[in-house]
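Participant: Each protein sequence line maps, in turn, to chains A and B. Start counting the first sequence at 133; every next residue gets the next number (the working numbering). Start counting the second sequence at 636; every next residue gets the next number (the working numbering).
Just so you know, these hints were derived from the structure itself, not from any lab. Heads up, a few of these hints could be off.
No more than 25 Å apart at the CA atoms, straight line, and that leaves these computed lysine to aspartate or glutamate pairs for DMTMM-like [as the list claims (entries may be wrong)]:
{"#": "1", "chain 1": "B", "residue 1": "LYS762", "chain 2": "B", "residue 2": "ASP638"}
{"#": "2", "chain 1": "A", "residue 1": "LYS160", "chain 2": "B", "residue 2": "GLU920"}
{"#": "3", "chain 1": "A", "residue 1": "LYS367", "chain 2": "A", "residue 2": "ASP352"}
{"#": "4", "chain 1": "A", "residue 1": "LYS234", "chain 2": "B", "residue 2": "GLU1018"}
{"#": "5", "chain 1": "A", "residue 1": "LYS160", "chain 2": "B", "residue 2": "GLU1018"}
{"#": "6", "chain 1": "A", "residue 1": "LYS367", "chain 2": "B", "residue 2": "GLU1018"}
{"#": "7", "chain 1": "A", "residue 1": "LYS153", "chain 2": "B", "residue 2": "GLU1018"}
{"#": "8", "chain 1": "A", "residue 1": "LYS153", "chain 2": "A", "residue 2": "ASP284"}
{"#": "9", "chain 1": "A", "residue 1": "LYS234", "chain 2": "B", "residue 2": "ASP638"}
Sample of chain A residues with no beta-carbon within 10 Å of chain B, all distances over it, derived [claimed, not checked]:
{"#": "10", "residue": "HIS146"}
{"#": "11", "residue": "ARG181"}
{"#": "12", "residue": "GLU212"}
{"#": "13", "residue": "ARG232"}
{"#": "14", "residue": "GLU268"}
{"#": "15", "residue": "GLY281"}
{"#": "16", "residue": "ASP284"}
{"#": "17", "residue": "ARG360"}
Here a beta-carbon is modelled for each residue, glycine too, at the ideal position from N, C-alpha and C.
Residues per chain are reported as follows:
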Amino acid sequence: MIHDHAKSTSVANHAWIRARKLRKVYRKALRDGVQEIVPLAALDLEIARGDFVSLMGPSGSGKTTLLNLLAGIDAATSGELWIGDHNLVHMRRDALAAWRAKEVGIIFQSYNLVPVLTAFENVELPLLLSPLGRRERTERAMEALTTVGLADRAGHFPSQLSGGQEQRVAIARAIVARPPLLLADEPTGDLDRESAELVLQLLDQLNEREKMTIVMVTHDPRAAARARTRLFLEKGELARREEAVP
Amino acid sequence: MIDLNVLVRSGALALRMLMRSRVRLVLTVLGIATASFLFTAERSVRDGVREATQASAQETRLIVYRANRFCPFTSRVPEAYVDEIARIDGVASVAPMQIAVSNCRASLDVIVFRGVRAIDAERILAKRLRIKEGSLADFLARGDGALVGSALAERRNLRVGDRFNSAGVTVTVAGIADADGPQDRNACYVQLPFLQSALGGIIGGEVTQFEVEVSDPSELQAVAAAIDRRFANDRAPTSTRSERAFAARAAEDIVTISRFAGLLAYGALAAIFALVANAIVLSLEGRAREFAILQSIGFRAPSIAWMILVEAAGLSLCGALIGAGTAQLVLTFGHFGLGAEGVLVEFRPSLAGLTTSMLASLLVGVAAGFVPAILASRRGIAEGTRLA
Ligand SMILES: Nc1ncnc2c1ncn2[C@@H]1O[C@H](COP(=O)(O)OP(=O)(O)O)[C@@H](O)[C@H]1O
Ligand SMILES: [Mg+2]
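Next comes chain A alone, as it looks inside the complex:
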């Protein structure tokens, strides 16, 4: 099997997340032909397990595209994208969904929550896909809400929460199924300084205590400073990589 072969050659001496010549092309049909947008040209990238990575770059440089590929919610055009022993580029939509349910938590910039569901119900969502019974689901969801400091808001609807609280509920939902990988696309982009600080502290804590691998897209240098590894994208390629001095 391809996977076994790949495992034996790459897993042992390579990073957990590996992108090789990763390419994403969007084709837009125009009146006079097809326009190609290439947010990712031929990206090579490695991320170690347990790392806290910030992803920066000018607007339109392909940050969200890369994050979506890492999340398996968008399909690469060519290249390889390994996470553990899965090459996401060759996985089918269904397999990716099953993989996501176990392996990834995702936080978007805003409007993460289902508006007609309470904070608790939103956090419980990923667990509906697990074999856990109701009692365990409730326990886990409350535990996650406690982690983000919002246990007392369990019954509130998103419209009854502040932007910062919504974002923390989104974090609770992203971690409730205890995935090893957490992806965040400008999670503090819409927040005031204080709320942003709370969210960043949470991410720090999840990385340190729970050993979650975090990839966070951000525009904010202060937020990026939290990360151990800072990646800079430019025109669809990795322009620079900085490691924080321990």
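Following the hints, put chain B with the ligands in place on chain A, whose structure we already have.
Facilitator: Chain B with the ligands in isolation, oriented as in the chain A frame:
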């Protein structure tokens, strides 16, 4: 491949999300309920017309009418024909009957008086009427006694001992009887001489029709032909049909209208389709991001399609329950019966009608959700999450 657990949980989730969108839910459900009410009412009309007029292989009853006459007021045949008819091969029994109606034209709440001889009441009516209140003896003992069909009694709220007047005839209720056919259930049986004199004696020695029972249902048409042949050259030629064929002719207008109403039923189903499709499609526009986020969490595309279908099913079932349920109540307490030329068509509630409407709404609703469900589940997740 299909995880039953996830199926149940995502189905429940879809219903919960639906219940939380109050305005959308209430408006759509009310629309569906209205359409479903129409559909159920039409089913009842159709079933009633069928029961009264559709020929069946088990029929044994013939109505002998004056040829070329269509209204009980104009059909006159000599009462003396009774013996001639009784002698025809295949005739098991024959009863002369005088019919008087409060209204000959198609109308609700018609009273159909049926005058029968005492001897026929004992021999024939006693067998097919199930007397619930009063008795046959009371009926025979009183000159103005009436045996009232159960549907008529309910419609007019009649009890034994009540007196009532219609079409210039005043009777006293001596018994209330249930029966299998709509004509008996809606009849007001009185004694023949009483009815003849109440109508002014102008038709002495004449009756409106004969009711003939044949011994073998397969002989029905042959016996009818034999009767008409016998009187073809007599002073009052006859026209004999099965009771239901007779009803179909007499209630021709009602049959035509009900056929037209059948179109309304399809219209009602189309309305349900449009309402569900509209509610689903419109809501999906605003919820593309929501479904993309569910998928980013790990919900699979088929689960998304399933949730949308459950939502469509929930909407249509909810509407059908309210609409069809209301229709059943209205039919139950309204006791509707439409009469024309002495023939009655009943519009009654039925479990079959209720289940048919519910099923039809459900099927149409799910069908309406099908295409949007597939399309929504196939949409790119990244495109959805990029939407603000
Ligand atoms: N679905 C799409 N179709 C066409 N072009 C797209 C689509 N999504 C993103 N793009 C384009 O890809 C480029 C990279 O976008 P993105 O990854 O969102 O950048 P960033 O997050 O760094 O601002 C942009 O030029 C954007 O317009
Ligand atoms: Mg972006």
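Participant: For every hint, state whether the structure bears it out.
Facilitator: Each hint tested on the structure:
For the suggested pair LYS762/B and ASP638/B, the alpha carbons sit about 60 Å apart, so the restraint of at most 25 Å is broken. A distance of roughly 22 Å separates the Cα atoms of LYS160/A and GLU920/B; the hinted pair therefore holds under the 25 Å criterion. For the hint pairing LYS367/A with ASP352/A, the CA-to-CA distance comes to about 19 Å; that is within 25 Å, so the pair holds. Annotation: proposed proximity of LYS234/A to GLU1018/B holds, straight-line Cα distance about 22 Å (limit 25 Å).
The hinted pair formed by LYS160/A and GLU1018/B meets the criterion: a straight-line CA distance of about 13 Å does not exceed 25 Å. Proximity of LYS367/A to GLU1018/B is assessed by CA-CA distance (about 21 Å); at most 25 Å being required, the pair is judged to hold. For the hint linking LYS153/A to GLU1018/B, the alpha-carbon distance of about 23 Å falls within 25 Å, and the restraint holds. Distance check on the hinted pair: LYS153/A and ASP284/A sit about 47 Å apart at the alpha-carbon level, beyond 25 Å; violated.
About 15 Å separates the Cα atoms of LYS234/A and ASP638/B, which keeps this hinted pair within 25 Å; it holds. Every CB of chain B lies more than 10 Å from the CB of HIS146/A, the least distance being 26 Å, so the non-interface label holds. Non-interface call for ARG181/A relative to chain B: holds, since the shortest CB-CB distance, roughly 21 Å, exceeds 10 Å. For GLU212/A, the condition that its CB be more than 10 Å from all CB atoms of chain B holds, with the nearest at approximately 19 Å.
Non-interface call for ARG232/A relative to chain B: violated, since the shortest CB-CB distance, roughly 5 Å, does not exceed 10 Å. Look at GLU268/A: its CB is around 13 Å from the nearest CB on chain B, clear of 10 Å, so calling it non-interface holds up. The claim that GLY281/A lies off the interface holds: its Cβ sits roughly 22 Å from the closest Cβ of chain B, which is beyond the 10 Å cut-off. The beta carbon of ASP284/A sits about 21 Å from the closest Cβ of chain B, which is more than 10 Å, so the claim that it is off the interface holds.
The Cβ of ARG360/A sits about 25 Å from the closest Cβ of chain B, beyond the 10 Å cut-off, so the non-interface label holds.
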